[in-house]
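Put together the whole structure using the sequences plus the hints.
Residue 598 in my numbering is what sits at position 249 of the sequence shown, and the numbering runs on without skipping anything.
I should point out that these hints are in silico values taken from the structure, not numbers from a laboratory. Incorrect hints may have been included.
Straight-line Cα separation of at most 25 Å, DSS-like style, residue types lysine-lysine; simulated pairs [stated by the list, open to error]:
#, residue 1, residue 2
1, K420, K388
2, K388, K453
3, K600, K394
4, K394, K419
5, K453, K394
6, K494, K511
7, K388, K600
8, K394, K494
9, K453, K424
10, K420, K394
11, K494, K504
12, K600, K419
Because the structure is a prediction, the values reported are computed rather than measured.
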Amino acid sequence: MRFNGMVSKPRVDFPIDWFPIEQLQTYCMSRQHLEVSSKASDLLKVVDDLCGLHATSTLTPYLSLLSRMKKFDPKMLDSELGENGRLVRIRGIRGTLFVLPRSKVALVLNALGRPREPTRRWYSLRRMRRQEFFELRSLVLDALKKRSLSIQEIKRAVPTSKIRTISFRASRSVVRSASNVTWVVNWLVTTGTVLSQKVGTLQDALKVKRPASDIESLPNRYILSTEVLGMIPSIPQSEAQRDLVSLVFGKLFGSNPRTRFLVDGVALVNREDCSFPVYRLGTNLG
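Structure representation (structure tokens):
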């Protein structure tokens, strides 16, 4: 596994047949609240135990909770993402959207790093100059002060003369095209400066007898993270990474800091050494 650009090959010094694979699978399913006996009643506990819910598809967190809770009503998640505000939708690892407990947001954002500006490659792909980026960034942040806006409303707050369409080839078969304003907003969301929120909920889609999948087409609204979360404390990135890895191991694989597990071909080494926590078994066993 690559971690910070390096490959870990920790030594395996225990027999691979210590644990029957069926026992390990049952254990991991239980930790994931997927065993019948492990299904939960508390939505917040499930989200916390899983260290967040995958949410790039808007329906995914609803399905995740439905499969893990004794009784689940979509209103429960809508409420926590809305008026209760104990859950937040942010971009996490690989820029993927996750639903996270509010208390874990600072740890995740600091672990991923909070750069002030994009990389050279980001600028190069979009053929955007630093001056253009910072000018648009300032205009977007000013527009979002004290209010949430859709991308179209943000564009209306930016002088028309400064808006242009940018297209680039993300891969051999994928060409991405969007306005320079949209690219800047996406970058601000990725770094946690701005939060992306759906206009409406699953309940709104169901009220008008639209398919639940129609929630995917509901527009996003954007709001400054400070308006929702307040000032996000700064944590050294290396410290945040270590704490996040330790947290995930503790939640998913047990609380004993020196416990080792062999799970479906994956070796988890000492949690105290979180620099290189995981690697695939196979040829490395020799």
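Structure-based check of all given hints:
1. For a cut-off of 25 Å, the pair hint linking K420 to K388 stands: about 9 Å separates their Cα positions.
2. Between K388 and K453 the CA atoms are separated by roughly 23 Å; this keeps the pair inside 25 Å, and the hint holds.
3. The straight-line distance between the Cα atoms of K600 and K394 is roughly 11 Å, inside the 25 Å bound, and the hint therefore holds.
4. Of the pairs offered as hints, the one joining K394 and K419 holds, with about 13 Å between alpha carbons and a cut-off of 25 Å not exceeded.
5. Of the pairs offered as hints, the one joining K453 and K394 holds, with about 13 Å between alpha carbons and a cut-off of 25 Å not exceeded.
6. For the hint linking K494 to K511, the alpha-carbon distance of about 20 Å falls within 25 Å, and the restraint holds.
7. Distance hint between K388 and K600 is fulfilled; the C-alpha atoms sit about 15 Å from each other, no more than 25 Å.
8. As the CA atoms of K394 and K494 are separated by approximately 33 Å, the hinted pair breaks the 25 Å bound.
9. For the proposed pair K453 and K424, the alpha carbon gap of about 22 Å is at most 25 Å, so the pair holds.
10. Pair hint K420 plus K394 holds up; C-alpha atoms about 14 Å apart against a cutoff of 25 Å.
11. Note on K494 and K504: the hinted pairing holds, with a Cα-Cα distance of about 15 Å set against a maximum of 25 Å.
12. The suggested pairing of K600 with K419 holds, with an alpha-carbon distance near 20 Å, which does not exceed 25 Å.
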